[in-house]
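> All chains should be modelled from the sequences, with the hints used to inform the complete structure.
Note that my numbering gives residue -2 to position 6 of the sequence shown, counting from 1, and the numbers run on in steps of one.
It is worth saying that the hints were derived from the structure and are not from the lab.
Mixed in with the good hints, there may be bad ones.
[Said to hold, decoys possible] Taking lysine to aspartate or glutamate pairs in the DMTMM-like style, the calculated list, with each CA pair at most 20 Å apart, reads: (1) 44 / 63; (2) 9 / 75; (3) 125 / 72; (4) 106 / 85; (5) 125 / 75; (6) 125 / 63; (7) 83 / 7; (8) 26 / 7; (9) 4 / 72; (10) 125 / 174; (11) 26 / 85; (12) 83 / 72; (13) 125 / 85; (14) 9 / 105.
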Amino acid sequence: MGITSVLTSAAKRLEGKVALITGGASGIGEATAKIFTRHGARVMIADVQDDKGQALCESLGSSVASYIHCDITDESHVRDAVDAAVSRHGKLDIMFNNAGIAGSLCMQIRKSEKADFERVVGINLVGSYLGTKHAARVMIPARRGSIVMTASVASVVPGMASAAYTCSKHGMVGLMRTAALELGQFGVRVNCVSPYGVATPMATAGFGMGVEELEEFFHEHATLKGVRLKAETWRRRCCF
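Structure (structure tokens):
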């Protein structure tokens, strides 16, 4: 095999794969959709941001990207999104449970609100559970597949975020480990990526800062200096 063939193969490591990305209209999900299609995958974007999701699919091309409205707290929406991917492309190889919210930035549990806690856990953890459940439903018969979840550094380091967000991300790691143990026998891999602070639209809105200002804030508080993490950093982890 010549050098050109090797490079082409490496550049298309997802050739022929089908991916469903929740929260794929912006942030890490959007960046992941772009690199997945660049590597040869066909993607379905599942989100509640209809205008952004449809615009992204138009920019990527209708032959490789499609959009479906999906509220991940509604099991029927998640089930329909998985079924739509299979109906359109004949299979589902990759499920990226990426959709999530930060919730309140209140860092004091005694001042936190039960409603906010339930909302954050309901979207971040329950949404990932539903995505994993329905991806497994179609991946087990195929005896192959990859399920990835966006966890957080807050899943391993306390004090990085609110109790609600931290608990939701800890729960996702537990979900990942449980699902990996159960589904591995069927050839289905389950993993998490755990980003540090990334200036996504969700984060900039939550902190009330612009992208550059928030990146500088995260950099100042990071242990590893000299690196400013972006959504594009994590899309490569998901591609791996």
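> All hints, please: hold or fail.
Now the hints, each set against the structure:
Under the criterion of a C-alpha separation no larger than 20 Å, the hint pairing residue 44 with residue 63 is consistent with the structure, at around 15 Å. A threshold of 20 Å between alpha carbons decides the hint, and for residue 9 with residue 75 the separation of about 16 Å falls inside it, so the pair holds. Restraint check for residue 125 and residue 72: the C-alpha separation of about 13 Å stays at or below 20 Å, so the hint holds. This hinted pair does not check out: residue 106 and residue 85 have alpha carbons roughly 37 Å apart, beyond 20 Å.
Simply put, residue 125 and residue 75 have alpha-carbon atoms about 13 Å apart, close enough for the 20 Å limit, and the pair holds. Pair hint residue 125 plus residue 63 holds up; C-alpha atoms about 15 Å apart against a cutoff of 20 Å. For a cut-off of 20 Å, the pair hint linking residue 83 to residue 7 stands: about 14 Å separates their Cα positions. Pair hint residue 26 plus residue 7 holds up; C-alpha atoms about 14 Å apart against a cutoff of 20 Å.
Under the criterion of a C-alpha separation no larger than 20 Å, the hint pairing residue 4 with residue 72 is inconsistent with the structure, at around 28 Å. Under the criterion of a C-alpha separation no larger than 20 Å, the hint pairing residue 125 with residue 174 is consistent with the structure, at around 11 Å. With a C-alpha separation of about 17 Å, the suggested pair residue 26 and residue 85 falls inside the 20 Å cut-off, and the hint holds. Taking the CA atoms of residue 83 and residue 72, the gap is near 14 Å; set against the 20 Å cutoff, the hint holds.
For a cut-off of 20 Å, the pair hint linking residue 125 to residue 85 stands: about 14 Å separates their Cα positions. Between residue 9 and residue 105 the alpha-carbon distance is near 42 Å, which puts this suggested pair outside the 20 Å criterion.
The structure does not agree with the numbered hints 4, 9, 14 stated previously, though it agrees with the rest.
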